[in-house]
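Trainee: Starting from the known structure of chain A, arrange chain B on it as the hints suggest.
The chain contents come next:
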Amino acid sequence: MAAEPRVMGLFADDAKAARAIRELAEAGFTFRRAHGPIPSDRIREAAGGRGSPVGWFTLAGGIFGFAFGFALAIFTAAQWNLIVSGKPVIAIIPFFVVGFECTILFSVLGNVVGLLVCTRLPDFRGLETHDPRCSCDRFGVLASCPAGREGELLEFFRKKGAEVRVWP
Amino acid sequence: MSELSFARIDETVLGTLAPPRRGYWALVGALCLGVLLGAGCWAYQIAVGIGVGGQNIPVCWGTYLINFVFWVGIAHSGTLISAILHLLRAGWRNPIARAAETMTVFAVCCAGLFPFIHLGRVWQVYYMLPYPNQRQLWPNFLSPLMFDVIAISTYLTVSALFWYTGLLPDLAAVRDRAEGFRRKVFRVLSLGWSGAHDQWLHYSRGYLFFASLATPLVISVHSVVSWDFALGIVPGWHTTIFAPYFVAGAIHSGLAMVLTLMIPLRRIFRYEAIITVEVLENVAKTMILTGLLVGLAYGTEYFIAWYSHNPVEWESFRWRAVGEYAYGLYFMVVCNVLLPLLFLVRSVRRSLAWLFGLSLVVNFGMWWERFVIIVGGVAHDFAPHAWGLYAPTVVEYGIMAGSFCLFFLLFVLFCKHLPSVSMTEMKETVAHGR
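Chains as they are written, first to last, in the working numbering: chain A, 1 to 168; chain B, 1001 to 1434.
Treat the hints loosely; a few may be bogus.
Below, computed lysine to aspartate or glutamate pairings styled on EDC-like, alpha-carbon distance capped at 16 Å [said to hold, decoys possible]:
hint: 1; chain 1: B; residue 1: Lys1184; chain 2: A; residue 2: Asp123
hint: 2; chain 1: A; residue 1: Lys159; chain 2: A; residue 2: Glu4
hint: 3; chain 1: A; residue 1: Lys16; chain 2: A; residue 2: Asp41
hint: 4; chain 1: A; residue 1: Lys16; chain 2: A; residue 2: Asp137
hint: 5; chain 1: A; residue 1: Lys16; chain 2: A; residue 2: Glu45
hint: 6; chain 1: B; residue 1: Lys1184; chain 2: A; residue 2: Asp137
If you only want the chain A side, here are some residues facing chain B, beta carbon under 7 Å, derived [what the hints assert, rightly or not]:
hint: 7; residue: Arg6
hint: 8; residue: Phe31
hint: 9; residue: Arg32
hint: 10; residue: Thr58
hint: 11; residue: Thr76
hint: 12; residue: Pro94
hint: 13; residue: Val97
hint: 14; residue: Leu105
hint: 15; residue: Asn111
hint: 16; residue: Leu115
hint: 17; residue: Cys134
Source of the hints: derived by calculation from the structure; they are not laboratory data. Here the structure is a predicted model, which means the values were calculated and not measured. Beta carbons: idealized from backbone N, C-alpha and C, even for Gly.
Extracted from the complex, chain A is given alone in its bound form:
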């Protein structure tokens, strides 16, 4: 089966792009993706979808880091079971510093892993339908349609005030 043709409408502002995204389904076309040089709340709302789960990765990293930091400090102190400067061998207050720093470190590492997983980066294949103008000053709306309706989709975008680009 031949792949559905994909057309991108390039808009000068995100409000017009968001309006086009909302009306695509009513016109019988399939919205694929929107691209832009900045994050846009209008486009995000129009495109729908759920919130970002990145925070869960961050939280998991933080919990692991907190436990790891304390465990590391306790383990190393326990290997030399000597009282230093009158402090207990397992001293909670100084070990909190290690626990805190490891919490931050692993939270950030979890955040980075979450970002990479959720954004599916690195993703060089996604650039096949990327227009360079979308990293400058245009908001691109990528849509697809059944074979034979490319003309209608092109006309749809043109009526909305967009420049168009077609991918086979």
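Mentor: Just chain B now, with coordinates in the frame of chain A:
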């Protein structure tokens, strides 16, 4: 900023990445020579021994530790600007956020070198790492020096990741306008970022978490650095005020370095429409606050030394004001507290010459603050028969000059090869009108 458009922002910032002229390479060459000088001095110290430095009983912590604290301090305002002001939605930080973040990463790199240099036998650095070695000797996490290892390595990792994450959309913008080999390089560096709406959703959330995590980190890191001193019982060091005192001083010196770097950058790259005088003025206004906080800390130290009726503590502070290093105290009070008050005058904080001049003055004063604290404490502590003085040697001056050259070399290389202003954040500023 009303005259700015998305296209103009791209044109201005990407224009700075054009092939450099001879003057640029001459500057890079001169800075490389400075770095080589520092590396040569360090190599000499490794070959001959740590004794070529001026550190000796009772002053065992000299310029190496002064420069360590100085560079960690410089790093802090980058995180203030990129993380704390981001959370506070201060739009004026957008034009300078990228350069400040970059400054943070490079300053932490320079800071991280000094404990290695100070070690003497640098090849035994692995003893600081928690791993099972042949003697089953583990690091002791009761020591503030081990807190430092964890804190500084965390700060370097977090700052570098925060910086790179912020760069991603801009790297993609460079990729989309580059050709040939350069395009391939930026294609890899940008990880295939396409600015898709779902990418932005996760990116915005992740960036917010980055900022939220970097904020307590930046406060903790310089607090930990201050505890290197405050957890010792040396008079002048053993005080609970050190953590907030060091954090305020760090941000003060870092803001001064931001001005030192931004003013020439603005001029050379013709960033006048992006880095406006109002942006620099806001940095100066923040410096009035940090300068007053630092002044409050200086005053509180003296007040508590007097009010405590502790003769050793009082003698230590009396000596700071009238002893051999008294000039250091006056440098720090005048340069860090009094002269920045000139920023209360509007015409001063809107004059580039004044801003640049006063930023240099504060950098100078903040270096001397670290000298007074670090050297002054141990040079004149409990027992009069153990008092002694310290003076840096040529080797130490060489290493110090090398670290400054390394910092500026990295920054100069960055400015010409990566976007020195965040195009994405500037576009957001234009789009949202703030």
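Trainee: Which earlier hints turn out false for this structure, listed by number in ascending order?
Mentor: 2, 6, 7, 8, 9
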